[in-house]
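Top to bottom, those sequences are chains A and B. The numbering of the first sequence is this note's numbering, which starts it at 1 and goes up by one. The numbering of the second sequence is this note's numbering, which starts it at 1001 and goes up by one.
Warning: the hint list may mix true and false statements.
Stated by the list, open to error - Looking from chain A toward chain B, a few residues come up when the C-beta cut is under 8 Å (computed):
1) Gly110
2) Gly112
3) His223
4) His354
Said to hold, decoys possible - Covered, in the sense of this in silico footprint (three residues per stretch, anywhere, with C-beta under 8 Å from a C-beta of chain B), are these stretches of chain A:
5) 92-105
6) 306-313
7) 494-508
To be clear, the hints were calculated from the coordinates, so they are not data collected in a lab. As the structure is a prediction and not an experimental result, all values here were calculated from the model. Beta carbons: idealized from backbone N, C-alpha and C, even for Gly.
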Amino acid sequence: MPVSALELPEKPRMSPRSVLLWSTVSLLGAVAWGVLALSRGEKISAVWLVVAALGSYAIAYRFYSRFIVRRVLKPDDRRATPAERLEDGVDFHPTDRRVLLGHHFAAIAGAGPLVGPVLAAQMGYLPGTLWIVAGVIFAGAVQDMVVLFLSMRRDGKSLGQMARDEIGRLGGAAALIAVFAIMIILLGVLALVVVNALAHSPWGTFSVAMTIPIALFMGFWLHRIRPGRVVETSFIGVALLLLAIIGGSWVQDSSLASAFTLSPTTLVFCLIGYGFVASVLPVWMLLAPRDYLSTFMKVGTIALLAVGVVVAAPVLHADAVSKFASSGAGPVFAGSLFPFLFITIACGALSGFHALVSSGTTPKLIQKESQVRMIGYGAMLMESFVAIMALIAAASLEPGLYYAMNAPAGLLGTTAQSASHAVAGLGFTITPDQLTHAARAVQEQTLIARSGGAPTLAVGMSEIFSGIFGGTAMKAFWYHFAIMFEALFILTTVDAGTRVGRFMLQDMFGNVWKPVGRVNWKPGIWLCSGLVVAAWGYFLYSGATDPLGGINQLFPLFGIANQLLAAIALAVCTTVLVKSGRLRWAWVTGIPLAWVTAVTFTAGWQKIFSGDARVGFFAQRAKYADALDAGQVLPPAKSLDDMHTVVTNSTVDGVLIALFLLLVAVVLVNAAVVCARAVGSPAALPTTEAPYVESRIDATPELVEVGP
Amino acid sequence: MRTWARAVRWYLRELTGETEYDRYCERQARHHPRAPLPTRREYQVLRTLHRETHPQGRCC
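Let the sequences and hints guide you as you build the complete structure.
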């Protein structure tokens, strides 16, 4: 990072006090990284991870984000933001930056930063930590902030519109299709995480099911009884939710238990039905109250987790770098560290999906241009910290338990003996007794092959929380609390995503046949909702029934899709920087773009062309198709039907990855052409920025600004 | 302590959009002083209607 660029001549030098402060922060961070790097063999405390991450975030926020703002983006607080110019009291209104930070954080953070790091813990805690911290500082937070700034300068245009305006019609159309397809995969995989967390778990299923009547009740209260009293309604909702978790324990031991013990396939159909109903019901009934509930739980639990990690200071039991990092033969997801670690941890380091949020609601609410730093960069640093905590929760488990929970069912079998044996085969130890004991401690029937990240995180969280609040007696409560809150986030994302997808489809079809585009024409709504739900439902179903393990197969697809969206967003950012005569600074988004392109295209290439059947989809297809022709059944498939399923799924997944890569390649090539044209032209190309209007709001001084 | 409680209440009300109605009334009074103000209930209907047609994505 070019530190020299920070020394602007007109600014006073740093005061001795801030030099001292920042030297201390740097020293602390450096010592923590040193401990992480040098400790081999002995177990270290998670506190070092926390200190290393927080120290790095502080320095990055203070220096790097400031450098980008001052040198590259050059926000102007005398210029009126869209919130001020277009103020309508509804979509556009200048919002207090602390409130907007909360809004933005609630919109970007969810289950993603909790799930990815847990899966990536199979490579050890060190590679994951390095990527989360470095990725967020140089790529993820930069992307969020720059997209937010560009969209704000364009009256809150969406990423798709910006791609069309700045790159061209072809690139814009490809970006739009990519956004839609990527969203479908995302919803399918997230829903799969819920299915894997709730399968055969009456307690979890009951408490998650209860969120529906609770949300309906809240909606009724908010709409009919006490209109608009959101805060009190949310408190009532949270209280009811806690009761539902406690009630789950009672249901589990009652005769109702069998009604809530559902197989993965049944859960899949429940979720599909729920998704459809939720997206056609009026928002006030289900979606809006669920959103409030989810926001309250999110902020509360994440704060609690931060306190828990610092106070309990768990010891990291996982290896710093596991053998699967280099061998690529990991049971949770196949493939070597590069590129697969970088697609498994998306949210928390770099997440393309954030670009959709940063170019949607948030830019229309910003009061002053310079606040993009706190809201764009700051919120992403916060999300990154959530990812670090999830990684700590996973790495603090005994590796034997971790693999018994996360390897695919086909490998582990169904009994404690078979799982223990399989884990020993991977090179770790857990006795059948320990495994049954761990399951009993959290009152689950089994913890074997509970892949998807949520149950692992929940066990880790229950260890951390029960160490502080309530002891072992509360372990089962905390476990189900964690399951419930993850499921709540994911279902909120599924509701909202289905609705967004429905509008995108209605918009697209509306060009062909007008009535479908009308937002209040019921058959059009039903048709488009049905199509969206069917699309993600297909992936959910194929994931839940995949003999090779749905997470193992689909998570790479999800990661690649999310990072490809980041590539599109960063391509838009870089193009705008080049077009507006800032070629000199284009590396700020150009380097992350090059990195994410390298990662996704390598991963995609390997997923398509690798000869290793565990990695390459088509190699896998060939292996199973050949066996099928010979009439053989290859484990972990158990029947010829299973064999057919594997062949179909690997074909679909392989073709889909190829399609994604193609779409993104179109966007990138188109962007490169535009950039080359811009570099060659003597004057700056026309801009699509909204014209300058003088602001009439007083600039609020940066309260959190530290230093000069 | 009192100031803290007030700050938390302010933050929650702002974050959840509970203050939207007050802001709307204030804005109406400023721009269209003669127009009748909606009740909280009516405003709630307007607001959900708006949300119905402006879906917001949530990230993962």
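Each hint, compared with the structure:
For A/Gly110, the suggested interface contact is upheld, since its CB lies about 5 Å from the closest CB of chain B, less than 8 Å. With 8 Å as the threshold, the beta carbon of A/Gly112 comes within range of chain B, its nearest partner Cβ sitting at about 3 Å, so the hint holds. Interface restraint check: A/His223 against chain B, minimum CB-CB distance 6 Å, threshold 8 Å, status holds. Annotation: interface hint on A/His354 holds; nearest CB of chain B at approximately 6 Å, less than 8 Å.
With a cut-off of 8 Å between beta carbons, the stretch 92-105 of chain A has 7 residues touching chain B; three or more are needed, and the interface restraint holds. Coverage of the stretch 306-313 of chain A by chain B is violated in this model, with 0 residues showing a Cβ closer than 8 Å to a Cβ of that chain against a need of three. Check result for the stretch 494-508 of chain A against chain B: holds, 6 residues qualifying (beta carbon to beta carbon below 8 Å, three or more required).
Checked against the numbered hints given earlier, this structure breaks only hint 6.
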